[in-house]
Amino acid sequence: MKDHSAFHPQLDKRRRYGTLIAGLLFAATMLGLLVLATLIVDVVTTGSGWLSEQFLTGYPTARPETSGIWPAIVGSLYLMLIVAATTVPLGVGTALYLEEYADEGGLKRIIQLNITNLAGVPSVVYGILGLGVFVYLFDMGSSLLAAGLTLSLLVLPIVVISAQEALRSIPQGVRESAFALGATRSQVIWHHLIPMALPGIMTGVILSLSRAVGETAPLVLVGASLAINFTPAHLLDDFTALPMLVFQWTEEPGASFQELAAAAIIVLMAFLLLMNLSAILLRNHFEDQLAG
Amino acid sequence: MNRLPCLTGWPAALCSVALLAGLVLFTGCGGDTAQTVRVDGSSTVFPISRAAVTDYQQENPDARVVAGNSGTSAGFQRFFRGETDVTGASRPIREDELRRAEEAGIEFIELPIGYDGISITTHPTNDFVSCLTVSELNAIWEDGSTVEQWSDIRDGFPDKEIRLYGRSSASGTYDYFTEAINGERGNIRDNYNASGTDNATVQGVSRDQRGMAFFGLSYYENNSDNLRLIAVDNEQGEGCVEPTQETVANGTYQPLARPEFIYVNVASLQENPEVVSFVRHYIANAQRFVRQAEYIAFESEVYDLVMQRFENRKTGSMFEGSGPTIGVRIGDLLNRMNTDGNAAPSDSTTAAPDSTNAGS
Numbered sequence: 001m002k003d004h005s006a007f008h009p010q011l012d013k014r015r016r017y018g019t020l021i022a023g024l025l026f027a028a029t030m031l032g033l034l035v036l037a038t039l040i041v042d043v044v045t046t047g048s049g050w051l052s053e054q055f056l057t058g059y060p061t062a063r064p065e066t067s068g069i070w071p072a073i074v075g076s077l078y079l080m081l082i083v084a085a086t087t088v089p090l091g092v093g094t095a096l097y098l099e100e101y102a103d104e105g106g107l108k109r110i111i112q113l114n115i116t117n118l119a120g121v122p123s124v125v126y127g128i129l130g131l132g133v134f135v136y137l138f139d140m141g142s143s144l145l146a147a148g149l150t151l152s153l154l155v156l157p158i159v160v161i162s163a164q165e166a167l168r169s170i171p172q173g174v175r176e177s178a179f180a181l182g183a184t185r186s187q188v189i190w191h192h193l194i195p196m197a198l199p200g201i202m203t204g205v206i207l208s209l210s211r212a213v214g215e216t217a218p219l220v221l222v223g224a225s226l227a228i229n230f231t232p233a234h235l236l237d238d239f240t241a242l243p244m245l246v247f248q249w250t251e252e253p254g255a256s257f258q259e260l261a262a263a264a265i266i267v268l269m270a271f272l273l274l275m276n277l278s279a280i281l282l283r284n285h286f287e288d289q290l291a292g
Numbered sequence: 001m002n003r004l005p006c007l008t009g010w011p012a013a014l015c016s017v018a019l020l021a022g023l024v025l026f027t028g029c030g031g032d033t034a035q036t037v038r039v040d041g042s043s044t045v046f047p048i049s050r051a052a053v054t055d056y057q058q059e060n061p062d063a064r065v066v067a068g069n070s071g072t073s074a075g076f077q078r079f080f081r082g083e084t085d086v087t088g089a090s091r092p093i094r095e096d097e098l099r100r101a102e103e104a105g106i107e108f109i110e111l112p113i114g115y116d117g118i119s120i121t122t123h124p125t126n127d128f129v130s131c132l133t134v135s136e137l138n139a140i141w142e143d144g145s146t147v148e149q150w151s152d153i154r155d156g157f158p159d160k161e162i163r164l165y166g167r168s169s170a171s172g173t174y175d176y177f178t179e180a181i182n183g184e185r186g187n188i189r190d191n192y193n194a195s196g197t198d199n200a201t202v203q204g205v206s207r208d209q210r211g212m213a214f215f216g217l218s219y220y221e222n223n224s225d226n227l228r229l230i231a232v233d234n235e236q237g238e239g240c241v242e243p244t245q246e247t248v249a250n251g252t253y254q255p256l257a258r259p260e261f262i263y264v265n266v267a268s269l270q271e272n273p274e275v276v277s278f279v280r281h282y283i284a285n286a287q288r289f290v291r292q293a294e295y296i297a298f299e300s301e302v303y304d305l306v307m308q309r310f311e312n313r314k315t316g317s318m319f320e321g322s323g324p325t326i327g328v329r330i331g332d333l334l335n336r337m338n339t340d341g342n343a344a345p346s347d348s349t350t351a352a353p354d355s356t357n358a359g360s
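Protein chains in written order, with the UniProt record's numbering: chain H, 1 to 292; chain E, 1 to 360.
Watch out, some of these pointers could steer you wrong.
[What the hints assert, rightly or not] Facing chain H, from chain E, some residues (calculated, C-beta under 8 Å):
{"no.": "1", "residue": "Ala-51"}
{"no.": "2", "residue": "Thr-54"}
{"no.": "3", "residue": "Gln-57"}
{"no.": "4", "residue": "Val-65"}
{"no.": "5", "residue": "Ala-67"}
{"no.": "6", "residue": "Glu-148"}
{"no.": "7", "residue": "Ser-151"}
{"no.": "8", "residue": "Arg-154"}
{"no.": "9", "residue": "Ser-195"}
{"no.": "10", "residue": "Asp-198"}
Please keep in mind that the hints were generated in silico from the structure rather than gathered at the bench. It should be emphasised that the depicted structure is a prediction, and the values quoted were computed from it without experimental measurement. A virtual CB, placed ideally from N, CA and C, is assigned to each residue, including glycine.
Generate coordinates for the entire structure from the input sequences, incorporating the hints supplied.
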């Protein structure tokens, strides 16, 4: 018969165990950071020699020495604007409908299941969809708009899910208090829910914009150009984007183009870093506003 | 209620972005996209076309010329939809594609631009192979091949495992290699390391002492320190031939050398004078562009014939839809071009000659 009343704290053993787990978790974190650091160091040492004004403001040519990425920078920026202009109203609207209007039940569950699944569909599949629907059916050609809408479809589920999470995290009491004071549903949404959910929504939007800007496969399928001597003048114009040039240059036989690809990756990473930074700043700004 | 200014501001900002987008779209529809020259097609031909495009852009800064590299087959699809004016191909147009062109009412001019070779390579430390015959290559690569060790290829080779690297089925290089070596497009063993890019294939074989690979010749030339080039004996009495600029150009490196083409939409030539001057510029300087892209150029006389073919607006394919055609030598091309309309001086003002040799 075992004596259960005699409890042995075994504090030393517990502390050792705790230290071990903490060490393992630290190692896991460091491993990720190490890989990232290796990647960045490798890319920067390979590509930084090619970063010049000519590279940033020039157009892609057949020679690495004269090649530039200006139309790709502009193209990526425009793509981002199109994605933002379409996914924010559609994504936030969908989230508002699902969280604030839709009745719990079969239909909502089906929609929810589809959105969650769509978030996991590989980007190349969206590329095929974009080619079939926007390029061919809507006859947009291989244009900026066709590519932008394809990328919008790709990130829309992410925007919806993050906006839903943000709305869900608002205490039910906020809605109930507002309703109790006679506010209409749209007043509750515009005056209370959206401002409170804004930091979360912004984070979701900007992270999905970062994803859209880095995508290559859908652009390849939609038919983005690679050699181009102008920046797009309107939505149905030809275009190119940063990941397209990176993709093309890594396939070239010569070493110079590989280095050029690394230089373009540096610009793309700076782009993404800037966007993530702005996401954090905007979120902090709105959080401060809420608190104040 | 200190939140109010922010939230009334937001919907307005969203609205204005949407409005702006709509406005740009609206005005965009009226833009003159017709004046843009669009080039697409084979990723093998792309470096040549890119050289042509950027050179033309430099001389005509106001011209709008763009080039992409969707691949030979996808490029033809866009070409038949009238989306592109010029499309590159690393093989002659196939019969099914000829039929689709006819259905779409697309008339085209077929222009050979240069030669590309496919190299067979091993790891640089491999010291026992220097030459393989076409039937040995066929035995190694064909579907259902029983070659598992180097000794299965030839007596005297070591009893070591052989590991194979090559391009995947999406590439024109794969199409051509399987057709030339194994007799039929797609006839290839399924247990080789297939990759989407030449560079990945180079990486594979240059790090595997037991490896053997096939990929574009220019990739060998850029990585020759890490690779060993294997000569090919086509068993026609010429013995072992290594692929070089000369042997590819004079047609002795066979069957792994192939011509590259561009196809020009005839309707584009009538609608957009920029296309005419671009293609003229392309052919007139093709030798330079091909060399810049590290492929193998024809002799100048061949380009004269190509230019003649273009100026005569000779439509249709000289290969009559045979698809990847093996063993097309410079002489063949010349003969085909000579017997195919170039010899007869026709007036170049009429842009609708008969296309009897297209399809059927």
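To see whether the hints hold, each was checked on the structure:
{"no.": "1", "hint": "Ala-51", "result": "holds (4 Å)"}
{"no.": "2", "hint": "Thr-54", "result": "holds (4 Å)"}
{"no.": "3", "hint": "Gln-57", "result": "holds (4 Å)"}
{"no.": "4", "hint": "Val-65", "result": "holds (6 Å)"}
{"no.": "5", "hint": "Ala-67", "result": "holds (4 Å)"}
{"no.": "6", "hint": "Glu-148", "result": "violated (31 Å)"}
{"no.": "7", "hint": "Ser-151", "result": "violated (33 Å)"}
{"no.": "8", "hint": "Arg-154", "result": "violated (31 Å)"}
{"no.": "9", "hint": "Ser-195", "result": "violated (11 Å)"}
{"no.": "10", "hint": "Asp-198", "result": "holds (7 Å)"}
Going through the hint list in order, the structure does not satisfy hints 6, 7, 8, 9.
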